[in-house]
Amino acid sequence: AQSVTQLGSHVSVSEGALVLLRCNYSSSVPPYLFWYVQYPNQGLQLLLKYTSAATLVKGINGFEAEFKKSETSFHLTKPSAHMSDAAEYFCAVSGAGTASKLTFGTGTRLQVTL
Amino acid sequence: DTAVSQTPKYLVTQMGNDKSIKCEQNLGHDTMYWYKQDSKKFLKIMFSYNNKELIINETVPNRFSPKSPDKAHLNLHINSLELGDSAVYFCASSRPGLATGELFFGEGSRLTVL
Numbered sequence: 690a691q692s693v694t695q696l697g698s699h700v701s702v703s704e705g706a707l708v709l710l711r712c713n714y715s716s717s718v719p720p721y722l723f724w725y726v727q728y729p730n731q732g733l734q735l736l737l738k739y740t741s742a743a744t745l746v747k748g749i750n751g752f753e754a755e756f757k758k759s760e761t762s763f764h765l766t767k768p769s770a771h772m773s774d775a776a777e778y779f780c781a782v783s784g785a786g787t788a789s790k791l792t793f794g795t796g797t798r799l800q801v802t803l
Numbered sequence: 155d156t157a158v159s160q161t162p163k164y165l166v167t168q169m170g171n172d173k174s175i176k177c178e179q180n181l182g183h184d185t186m187y188w189y190k191q192d193s194k195k196f197l198k199i200m201f202s203y204n205n206k207e208l209i210i211n212e213t214v215p216n217r218f219s220p221k222s223p224d225k226a227h228l229n230l231h232i233n234s235l236e237l238g239d240s241a242v243y244f245c246a247s248s249r250p251g252l253a254t255g256e257l258f259f260g261e262g263s264r265l266t267v268l
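Just so you know, the sequences run in chain order H and U. The letter at position 104 of the first sequence is residue 793 when you use our numbering, and the numbering goes up by one with no holes. The letter at position 67 of the second sequence is residue 221 when you use our numbering, and the numbering goes up by one with no holes.
Since the hints were derived computationally from the structure, they do not count as laboratory data. Don't take every hint at face value.
Claimed, not checked - Dumping the calculated BS3-like pairs for lysine-lysine here, alpha-carbon to alpha-carbon at most 25 Å:
1) H/Lys790 - U/Lys225
2) U/Lys173 - H/Lys758
3) U/Lys176 - H/Lys747
4) H/Lys747 - H/Lys790
5) U/Lys194 - U/Lys176
6) U/Lys225 - U/Lys173
7) U/Lys206 - H/Lys758
8) U/Lys194 - U/Lys173
9) H/Lys747 - H/Lys758
10) U/Lys206 - U/Lys190
11) U/Lys173 - U/Lys195
12) H/Lys790 - U/Lys206
13) U/Lys163 - U/Lys194
14) U/Lys194 - U/Lys206
15) U/Lys225 - U/Lys198
16) U/Lys206 - U/Lys221
17) U/Lys176 - U/Lys225
18) H/Lys757 - H/Lys790
19) H/Lys747 - U/Lys190
20) H/Lys790 - U/Lys221
21) H/Lys790 - U/Lys195
22) U/Lys206 - U/Lys173
23) U/Lys194 - U/Lys225
24) U/Lys163 - U/Lys198
Claimed, not checked - Stretch-level coverage of chain U by chain H, calculated; a stretch enters the list once three of its residues show a Cβ under 8 Å from a Cβ in chain H:
25) 174 to 182
26) 199 to 211
27) 257 to 265
Backbone N, C-alpha and C fix where the C-beta goes; we use that ideal spot for every residue, glycine too.
Assemble the whole structure, with the sequences as input and the hints as a guide.
Put into structure tokens, the structure is as follows:
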């Protein structure tokens, strides 16, 4: 079984500041890890994914995440926040296999202030 | 040209009624999903179909019945609606077994049960 825990349901940063959204995972098999973003009244969109290749993963819109097995973490970062980054961010985990499913964390709402 | 489209976008109905949500994807994917997002933004998988075959069936009341007439369509029928069914229902699709690790989501169908 897999699960993810997102620390902080709400994160507020100033425009131009570092964004750090935390995600820790639990998995009985080597995990695939993902970050998705949900803008208001929209579906989710993939930001980036880790599927056992490079541990530092770069995604869209300047986001990146680092897989740290020793810490069972997959934190999302962006060096400089932009107002358009305000959204709900979901960490998710799955295992390999045809019947695998994506299990989402509870989400972190990112607020960007002037 | 929308990749994953759901209809209707909004449903408001009375308790005890039956309603259906339709989903279509034009991405050529073999796997489709239904997710439920509650008022706290928590996303939970309900069902998954791979090429019209049910492969994931989470603990969902049997009032919920998915149907996949072909691999591009996945519908959700809900009988005897209850207040707790109020949520946003997302349809998604992917290549088999999350091979690319990416789910493509529709924009959601917001169901309100009065």
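Hints, one by one, checked against the model:
| no. | hint | result |
| --- | --- | --- |
| 1 | H/Lys790 - U/Lys225 | 18 Å, holds |
| 2 | U/Lys173 - H/Lys758 | 45 Å, violated |
| 3 | U/Lys176 - H/Lys747 | 34 Å, violated |
| 4 | H/Lys747 - H/Lys790 | 23 Å, holds |
| 5 | U/Lys194 - U/Lys176 | 24 Å, holds |
| 6 | U/Lys225 - U/Lys173 | 22 Å, holds |
| 7 | U/Lys206 - H/Lys758 | 36 Å, violated |
| 8 | U/Lys194 - U/Lys173 | 23 Å, holds |
| 9 | H/Lys747 - H/Lys758 | 18 Å, holds |
| 10 | U/Lys206 - U/Lys190 | 20 Å, holds |
| 11 | U/Lys173 - U/Lys195 | 22 Å, holds |
| 12 | H/Lys790 - U/Lys206 | 17 Å, holds |
| 13 | U/Lys163 - U/Lys194 | 19 Å, holds |
| 14 | U/Lys194 - U/Lys206 | 31 Å, violated |
| 15 | U/Lys225 - U/Lys198 | 22 Å, holds |
| 16 | U/Lys206 - U/Lys221 | 8 Å, holds |
| 17 | U/Lys176 - U/Lys225 | 13 Å, holds |
| 18 | H/Lys757 - H/Lys790 | 22 Å, holds |
| 19 | H/Lys747 - U/Lys190 | 28 Å, violated |
| 20 | H/Lys790 - U/Lys221 | 19 Å, holds |
| 21 | H/Lys790 - U/Lys195 | 18 Å, holds |
| 22 | U/Lys206 - U/Lys173 | 21 Å, holds |
| 23 | U/Lys194 - U/Lys225 | 31 Å, violated |
| 24 | U/Lys163 - U/Lys198 | 19 Å, holds |
| 25 | 174 to 182 | violated (count 0) |
| 26 | 199 to 211 | holds (count 5) |
| 27 | 257 to 265 | holds (count 5) |
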